[in-house]
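These protein sequences, in sequence, are chains S and D.
To convert, note that position 41 of the first sequence is 44 in the working numbering; the numbers rise steadily by one, no gaps.
To convert, note that position 113 of the second sequence is 124 in the working numbering; the numbers rise steadily by one, no gaps.
Source of the hints: derived by calculation from the structure; they are not laboratory data.
Note that beta-carbon positions come from the ideal geometry of N, C-alpha and C, so glycine has one too.
Keep in mind that the hints are not guaranteed to be accurate.
[Claimed, not checked] In the DMTMM-like style, the derived pairs of lysine to aspartate or glutamate whose C-alpha atoms are separated by at most 25 Å in a straight line are: (1) 41(S) <-> 43(D); (2) 65(S) <-> 123(S); (3) 105(S) <-> 22(D); (4) 132(D) <-> 123(S); (5) 78(S) <-> 99(D); (6) 65(S) <-> 58(D); (7) 78(S) <-> 90(S); (8) 105(S) <-> 25(S); (9) 105(S) <-> 29(D); (10) 41(S) <-> 14(S); (11) 113(D) <-> 99(D); (12) 78(S) <-> 138(D); (13) 41(S) <-> 107(S); (14) 75(D) <-> 97(D); (15) 113(D) <-> 54(D); (16) 43(S) <-> 66(D); (17) 113(D) <-> 22(D); (18) 33(D) <-> 37(S); (19) 128(D) <-> 123(S); (20) 128(D) <-> 89(D); (21) 78(S) <-> 123(S); (22) 113(D) <-> 74(D); (23) 75(D) <-> 39(D); (24) 128(D) <-> 119(S); (25) 102(D) <-> 38(S); (26) 43(S) <-> 22(D); (27) 41(S) <-> 66(D); (28) 78(S) <-> 42(D); (29) 78(S) <-> 66(D); (30) 33(D) <-> 138(D); (31) 75(D) <-> 47(D); (32) 75(D) <-> 43(D); (33) 132(D) <-> 119(S); (34) 127(S) <-> 54(D); (35) 43(S) <-> 74(D).
[Stated by the list, open to error] Chain S regions said to be covered by chain D (calculated; three or more residues, Cβ under 8 Å): (36) 14-26; (37) 83-94; (38) 113-123.
Chain by chain, the residues:
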Amino acid sequence: MVTSMADGIEEIWESEDIPNTDRLFMRVHSQNIDENGKLKPGAFRNLPKDLPGSGMSTDWEKYSTPEETQKRARKPSENAVIQLVCEEVRQVPGQTVTHTPKPEFNNQAHTDVYGEKNTEVRLKLMAIYQIVIPLSPRI
Amino acid sequence: MLRQLSIRIPDRLNYLADIVEKSRSILELQDDWDDEGSPGYSEQTWERAVTFLLENAVSLWQEKGFCVTAPAIHNGPEGSIDIYWETDNRKLLINVPADRNKLADFYGYDSLGREVKGMLKLSEPNEWLLLWQMG
């Protein structure tokens, strides 16, 4: 359970179970997208890397739209947004999906995908993602 | 001869030299290049990755007369370099870690669901893996 202070009102954000059918949204930086608009396998990684138990940050569709996920980037225009279906992520070896709301970033949707992101995991994630917001064309 | 790398590339493999040269741009990515704290890439890691690719590709050409499928060389996680093959029939990803003391991790699968995975010592001959990718 975590708490958020918005407008002076304390709100309690419980960690909830995420149904298998729900989608997760994830930002992907332009440097992790190739010239054909496809993801590079390096897009799938845990951050921050130095902390034990770090995961791959995503947003649960129950509390976020793809547009909101994109806007959480420091430079939204340099980020695409992909979606992953929970059940498919859970079928990738060693991966668990945990709702981890982040009141410090006012993000109730935040969800970590825990588990080592070795080459097998990254290639299997490459097979299940879909782009929902492509990169903006460069002017 | 590829600049700075003392590997002689046969003309038939010039397309690989072009891919390697293009991948130098990875070295321009500085710390925090993704605004999420990812580290930049060292010349040593890049050299280990492209040397592995070129040496094994040249060996495959000289010994069996095969031209390896053109891979992509990408920025990987945590300062590592990914070598990635994606064809209709096979996908293969080799990750060259930033820490030279660590082994390279690889995984691939084909359209029939057959897998290949493990760890590689980059300094040893590994033409068999490039051959597997070609199916």
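Hints, one by one, checked against the model:
The hinted pair formed by residue 41(S) and residue 43(D) meets the criterion: a straight-line CA distance of about 22 Å does not exceed 25 Å. Restraint check for residue 65(S) and residue 123(S): the C-alpha separation of about 29 Å exceeds 25 Å, so the hint is violated. Straight-line distance between C-alpha atoms of residue 105(S) and residue 22(D) comes to about 55 Å, which puts the hinted pair past the 25 Å bound. With a C-alpha separation of about 18 Å, the suggested pairing of residue 132(D) with residue 123(S) holds against the 25 Å cut-off.
At roughly 35 Å between alpha-carbon atoms, residue 78(S) and residue 99(D) are farther apart than 25 Å, so this suggested pair is violated. At most 25 Å may separate the alpha-carbon atoms for a hinted pair to count; residue 65(S) and residue 58(D) exceed this at roughly 45 Å. Straight-line distance between C-alpha atoms of residue 78(S) and residue 90(S) comes to about 30 Å, which puts the hinted pair past the 25 Å bound. Note on residue 105(S) and residue 25(S): the hinted pairing holds, with a Cα-Cα distance of about 19 Å set against a maximum of 25 Å.
With a C-alpha separation of about 45 Å, the suggested pairing of residue 105(S) with residue 29(D) is violated against the 25 Å cut-off. Annotation: proposed proximity of residue 41(S) to residue 14(S) is violated, straight-line Cα distance about 39 Å (limit 25 Å). Between residue 113(D) and residue 99(D) the alpha-carbon distance is near 31 Å, which puts this suggested pair outside the 25 Å criterion. For the proposed pair residue 78(S) and residue 138(D), the alpha carbon gap of about 42 Å is over 25 Å, so the pair is violated.
Among the hinted pairs, residue 41(S) with residue 107(S) is inconsistent with the structure: their alpha-carbon atoms are about 32 Å apart, more than 25 Å. Pair hint residue 75(D) plus residue 97(D) holds up; C-alpha atoms about 22 Å apart against a cutoff of 25 Å. Of the pairs offered as hints, the one joining residue 113(D) and residue 54(D) holds, with about 17 Å between alpha carbons and a cut-off of 25 Å not exceeded. For the suggested pair residue 43(S) and residue 66(D), the alpha carbons sit about 24 Å apart, so the restraint of at most 25 Å is met.
In summary, the hint linking residue 113(D) to residue 22(D) is not supported, as the alpha carbons are separated by about 33 Å, beyond the 25 Å threshold. Distance restraint check for residue 33(D) and residue 37(S): the Cα-Cα separation of roughly 13 Å lies within the 25 Å cut-off, and the hinted pair is therefore satisfied. The hinted pair formed by residue 128(D) and residue 123(S) meets the criterion: a straight-line CA distance of about 8 Å does not exceed 25 Å. Under the criterion of a C-alpha separation no larger than 25 Å, the hint pairing residue 128(D) with residue 89(D) is consistent with the structure, at around 21 Å.
Note on residue 78(S) and residue 123(S): the hinted pairing is violated, with a Cα-Cα distance of about 30 Å set against a maximum of 25 Å. Our distance criterion of 25 Å between C-alpha atoms is broken by residue 113(D) and residue 74(D), whose separation comes to about 29 Å. Distance check on the hinted pair: residue 75(D) and residue 39(D) sit about 36 Å apart at the alpha-carbon level, beyond 25 Å; violated. Taking the CA atoms of residue 128(D) and residue 119(S), the gap is about 15 Å. The hint holds against a cut of 25 Å.
With a C-alpha separation of about 19 Å, the suggested pairing of residue 102(D) with residue 38(S) holds against the 25 Å cut-off. Of the supplied pair hints, the one linking residue 43(S) and residue 22(D) is violated, its CA atoms being roughly 29 Å apart against a limit of 25 Å. Between residue 41(S) and residue 66(D) the alpha-carbon distance is near 28 Å, which puts this suggested pair outside the 25 Å criterion. Between the alpha carbons of residue 78(S) and residue 42(D) the distance comes to roughly 16 Å, so the proposed pair stays at or under 25 Å and holds.
Proposed proximity of residue 78(S) and residue 66(D) is contradicted: the alpha carbons are some 40 Å apart, above 25 Å. For a cut-off of 25 Å, the pair hint linking residue 33(D) to residue 138(D) stands: about 23 Å separates their Cα positions. The suggested pairing of residue 75(D) with residue 47(D) is violated, with an alpha-carbon distance near 45 Å, which exceeds 25 Å. For the hint pairing residue 75(D) with residue 43(D), the CA-to-CA distance comes to about 43 Å; that exceeds 25 Å, so the pair is violated.
The suggested pairing of residue 132(D) with residue 119(S) holds, with an alpha-carbon distance near 20 Å, which does not exceed 25 Å. A threshold of 25 Å between alpha carbons decides the hint, and for residue 127(S) with residue 54(D) the separation of about 29 Å lies outside it, so the pair is violated. Note on residue 43(S) and residue 74(D): the hinted pairing is violated, with a Cα-Cα distance of about 32 Å set against a maximum of 25 Å. Under the rule that three or more residues need a Cβ within less than 8 Å of chain D, the assignment of the segment 14-26 of chain S is violated, with 0 such residues.
Under a criterion of three residues with beta carbons nearer than 8 Å to beta carbons of chain D, the stated coverage of the segment 83-94 of chain S fails, only 0 such residues being counted. Counting residues of the segment 113-123 of chain S whose CB lies closer than 8 Å to any CB of chain D gives 4, which reaches the minimum of 3, so the coverage claim holds.
Hints 2, 3, 5, 6, 7, 9, 10, 11, 12, 13, 17, 21, 22, 23, 26, 27, 29, 31, 32, 34, 35, 36, 37 from the list above are not met by this structure, while the remaining hints are.
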